Amino acid sequence: MSLIDILIALIPAFGLGFQVICMQLIGGKYTNKVMGMAIVTLLVGIGVYFIKQPVLTPALWLGAALSGVGFCIGIILQVKSFSLVGVSMTMPVSVGEQLVGTALVGAICFHEWTAANQWLLGIGALILIVVGIALTAYQEESDKGSDFKKGMLYLLISSIGFVAYASFPTAFHLSGWDVVFPQAIAIFIAMIVLCSFEHDSQLFAKKTWQNLATGVCFAIANLGIIFSNEINGVAVGYTISQLNVVISTLGGLWILHEAKTPKEVRFIIAGVILVVAGGVMIGITK
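The sequence shown begins at 1 in the UniProt record's numbering and counts up one residue at a time.
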């Protein structure tokens, strides 16, 4: 790999990592944050359509729509978890659960693991990730309140949504560039529908437009993943993109100044290391 290839592979990691930090610094309700992302996603999707001009088949629309709805469920509940358990706990747990989910779906449904060494490596990776999740979820106070329990439940459902977001394009045999436009439309429509349940009169208020910056971070990451996979291959591109959890977690601790005891910080950092190691091992199986 050349230096340029490595830098391209790092784009998704930085985009996704700073997306989280950006939205928390800007603030607003969760509806403002996700709507800002959806608006930029739609604009980028339209731009990609005119450049790539994909053939919009029924299978493409269906797969992209299901994927887009999964993303909306995933991101809404993930963002709601930030206010319950903090970014530094949310992100390693979320990424870890997504890694486990996508790996199992890939191995069982798409038969991505066919050799014995892939299964051994994959199972070892899943064990590391699960232990890493447990470490990042550690709280020094044994009495875990309702916010913690609600946050963990939100993250579990969120991760199922993100796994659907990642898996449906593969299930429908869709290419990365082709899916961007219809998926963007699905995300925009689904986000409006889901946010409407909040009856939020401030859905398109100032904070939403400020969170276009959050959407730019996501768009850079999303397009970066497609570029990286084309240039470096899925194994390398996928693996390096998982470093976003390092950026977002450390950002939560040091930029957002989330309150953690020294022992909790040590557990979180150890957990992140295990989650990233597991992600690297899963990347090797691809």
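Hints in this document: simulated from the structure, not taken from any laboratory.
Note that the structure is predicted; figures quoted are calculated from it, not measured.
One or more hints might be untrue.
[As the list claims (entries may be wrong)] Simulated crosslink set (PhoX-like; lysine-lysine; CA at most 20 Å straight-line):
(1) K29 - K260
(2) K29 - K80
(3) K80 - K150
(4) K150 - K260
(5) K150 - K29
(6) K29 - K206
(7) K150 - K206
(8) K207 - K80
(9) K149 - K286
[To be verified] Restraint ranges, calculated between C-beta atoms of paired labels, are given here:
(10) I189 - S146: 29 to 35 Å
(11) T57 - E140: 27 to 33 Å
(12) Q202 - A116: 33 to 39 Å
(13) F204 - G233: 36 to 42 Å
(14) S146 - K52: 45 to 51 Å
(15) E230 - Q202: 36 to 42 Å
(16) I157 - I231: 44 to 50 Å
(17) I157 - F204: 23 to 29 Å
(18) L121 - G47: 36 to 42 Å
(19) Q202 - S146: 36 to 42 Å
Ideal Cβ placement from N, Cα and C applies to all residues, glycine included.
Going back to the hint list, which numbers does this structure go against?
1, 7, 9, 11, 12, 16, 19
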